[in-house]
Amino acid sequence: MKKIVLLLIVVTLFYSCGEYQKALKNEDVAAKFEMATKMYDAGKYTKAIRLFEQLATSYRGKPQAEKLFYMFSQSYYKTKQYYLAGYQFEAFVSGYPRSEKVQEAAFLGAYSYSKLSPVYSLDQADTVKALEKLQTFIDNYPNSEYIPQANETVQLLNGKLEKKAYENAKGYNTISDYKSALIAFDNFIADFPGTPFKEDALFYKYDSAYKLAINSIPSKMEERLHVAQTAYANLIKFKNDTKYKKQAEEMNARVETDLQKFTK
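Going from the sequence shown to our numbering is simple: count from 1 and add 33.
FYI, nobody ran anything at the bench for these hints, they're computed from the structure.
Treat the hints with caution; some may be incorrect.
In silico EDC-like pairs for lysine to aspartate or glutamate, Cα to Cα no more than 20 Å straight-line [claimed, not checked]:
id, residue 1, residue 2
1, 196, 159
2, 231, 282
3, 55, 67
4, 100, 123
5, 197, 159
6, 95, 133
7, 212, 256
8, 231, 274
9, 71, 60
10, 55, 86
11, 279, 233
12, 111, 99
13, 244, 200
14, 203, 232
15, 113, 123
16, 253, 210
17, 162, 195
18, 111, 123
19, 278, 233
20, 196, 233
21, 196, 165
22, 272, 283
23, 244, 291
24, 193, 156
As the structure is a prediction and not an experimental result, all values here were calculated from the model.
Given these sequences and hints, build the entire structure.
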């Protein structure tokens, strides 16, 4: 019995593959469309894509085109071809603004670009692009059922930019480029006022100001010591019991001692 069932499965698969190959070569676009729909409904998205690619030009403007391009977009999305999915969903929204699928397509188009966003340590051009796409969706469809997911995705993407900016600023401190570190930390704190890295940023800004000051030539040291002193005060003001308190207090003691040289 098992052998008979297995044989039937093999025959069915062979017949299905034969039908599919025939549809690929068939000049009858209706037959292609029928097979493409069959492949799509069966979850065979890669096979469906090959047929949709053949059909796209000839079906544009026809009554069935809306369904075709929706399935085409979804097939790219389901196969994780997110750049192509984003492009196709955007084209769908532009071509069928009155479609009942337009909000879903608009969201998935923007969301597809978020899938191209790399880890924070790499270039974040795709992250910025995804944020722009998602913000456009939020602005255009403020009452959409997809707004919670869109907002959550925006928050995650902004987190990458935040982490990237913090690590870049800290990187200047690590390589002892303290002037650049001060500028980078100032920009970071201004751009991300609610960041969870604020305590760390304020400390490493202070650390950069401190090291720049104590290693300065005499003519610039006093001014830079005052800058370090202000950075210390900002850290303590933000969090009096900071995890860096012992180290920061030791550094501040050195700053105050060095400043006394300029009051004599």
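Inset, instruction - With a cut-off of 20 Å on the C-alpha distance, tell me whether residue 196 and residue 165 pass. - result: This hinted pair holds, its Cα atoms lying about 19 Å apart.
Legend entry - Proposed proximity, residue 99 with residue 111 (alpha carbon, max 20 Å): holds, 18 Å
Legend entry - residue 212 paired with residue 256 [C-alpha distance capped at 20 Å]: holds, 14 Å
Legend entry - 20 Å limit on alpha-carbon distance, applied to hinted pair residue 95 and residue 133: Distance of about 17 Å is within 20 Å: holds.
Inset, instruction - Assess, step by step, whether the Cα of residue 55 is no farther than 20 Å from the Cα of residue 67, and give holds or violated. - result: holds, 12 Å
Inset, instruction - Would you mind confirming whether the straight-line C-alpha gap from residue 231 to residue 282 stays at or under 20 Å? - result: holds, 18 Å
Legend entry - Given pair status - residue 123, residue 111, alpha carbons within 20 Å: Satisfied, since the Cα-Cα distance of roughly 16 Å is no more than 20 Å.
Inset, instruction - Take the C-alpha atoms of residue 272 and residue 283, compute the straight-line distance between them, and say whether it is at most 20 Å. - result: Measuring from Cα to Cα gives roughly 17 Å; hence the hint holds.
Legend entry - Restraint check for residue 113 with residue 123, where alpha carbons must lie at most 20 Å apart: At roughly 16 Å apart (the allowed maximum being 20 Å), residue 123 and residue 113 satisfy the hint.
Legend entry - 20 Å Cα cutoff - pair residue 244, residue 291: holds, 13 Å
Inset, instruction - For the pair we were handed, residue 231 and residue 274, check the Cα-Cα distance against 20 Å. - result: holds, 14 Å
Legend entry - Holds or violated: residue 253 to residue 210, with C-alpha atoms at most 20 Å apart: At roughly 16 Å apart (the allowed maximum being 20 Å), residue 210 and residue 253 satisfy the hint.
Hint check: no violations occur; every hint is consistent with the structure.
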